[in-house]
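Can you make the complete structure from the sequences, with help from the hints?
Numbering (this note's numbering), first residue to last: 85 to 376.
Among these hints, one or two may not hold up.
Computed spacing ranges between beta-carbons, pair by pair [to be verified]:
(1) Arg244 <-> Phe332: 19 to 29 angstroms
(2) Arg273 <-> Phe103: 51 to 61 angstroms
(3) Arg273 <-> Glu91: 46 to 56 angstroms
(4) Val219 <-> Thr355: 19 to 29 angstroms
(5) Glu104 <-> Glu253: 24 to 34 angstroms
(6) Ile303 <-> Ile339: 18 to 28 angstroms
(7) Glu91 <-> Tyr248: 30 to 40 angstroms
(8) Pro241 <-> Ser193: 15 to 25 angstroms
The hints are simulated quantities; they were obtained by calculation from the structure and are not laboratory data. Note that the coordinates shown come from a computational prediction; the quantities given were computed from them, not determined experimentally. From the three backbone atoms N, C-alpha and C, an ideal C-beta is built for every residue, glycine too.
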Amino acid sequence: MVHKYFESLITNYSAPMSFEKDLSLLADATDGIWFIDPIHHFYELVIFTVCSSLLFWYCSKRVFKNKTLLSLVKNQSKSKKNAMEIIVTLVTLFSYCLLFYHKSLRNKSINMLQMCHFNMGLLLVTLLSPKKYFVTHLLFNLYLFYIFGTILALSFPDLRGFIYFFEYENFFLEHYILLIVPFIMIYTRRYIVFPVQRSLLGLAFSVKALLILSVSTIIGLKYGVNVNYSLAPPPGYLETFGNYYRIFMTTMFLILMLFSRLFLINLFNITIVLINSIIHQEKSKTKLEKLQ
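Below, the structure is given as structure tokens:
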């Protein structure tokens, strides 16, 4: 009886959608369907929202009180925005506006919440925000945990439903921006790369979990849109997990977040530090030789 009541809450709240298990029949990746049973949606939504919210509250409190991170921002070296940073900001803005235009043509602006589009918005806010604020550097470091998603999107592109001018090309432009621009930002030394800490990882994971498992599900059910694969997985191995594909997907996200942040970003950051150190030493050596 209770199950039926909870199930009716979900079905009455949701837009009309078909029950479909064969994802190859869908022409558009953003079409909403009942791949997950309504009652399963209810329990996952409640559990994920409560757990993710508690994790967000706990980790954000610790991050904003972290003296090490705060001091890194406070003691950062002052430098002006260079031409390269201005160019990548304009290119990012162009691609983001084009994304919004294409979504508007379909009356699916809500799809700007897709993780890669969300990441681009995060990147754009970081590029446009003053570097003296802690939040600017925090947003950048949250993004660095999500870079694995861009690599996955480029490795397994989901191009279903692309029909508008430059939409196909902008998919790749967007993802190459998401992949390359963060490394340019690190190279400029105007954006601080925080050391990896559990509270920072927890905050990054909770934001992603809330966006995909809570916000996207609530909006996706209401409007019948598969935002962030919250209603159905992309065609492939995730289908085999049935109702539980999001649990597996989220677990893999956590592992990939940690892997890409620890190895890919840290390795690049260390390389840049070493290169800058060598350049500085060579300049100092040249000055000494001239003085002699």
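Hints versus structure:
1. Arg244 <-> Phe332: 19 to 29 angstroms: holds (22 angstroms)
2. Arg273 <-> Phe103: 51 to 61 angstroms: holds (53 angstroms)
3. Arg273 <-> Glu91: 46 to 56 angstroms: Given a distance of about 54 angstroms, which is inside 46 to 56 angstroms, the answer is holds.
4. Val219 <-> Thr355: 19 to 29 angstroms: Taking Cβ atoms as reference, Val219 and Thr355 lie about 27 angstroms apart, which means the hint holds.
5. Glu104 <-> Glu253: 24 to 34 angstroms: holds (30 angstroms)
6. Ile303 <-> Ile339: 18 to 28 angstroms: holds (27 angstroms)
7. Glu91 <-> Tyr248: 30 to 40 angstroms: holds (38 angstroms)
8. Pro241 <-> Ser193: 15 to 25 angstroms: Holds - the Cβ-Cβ distance for Pro241 and Ser193, about 22 angstroms, lies within 15 to 25 angstroms.
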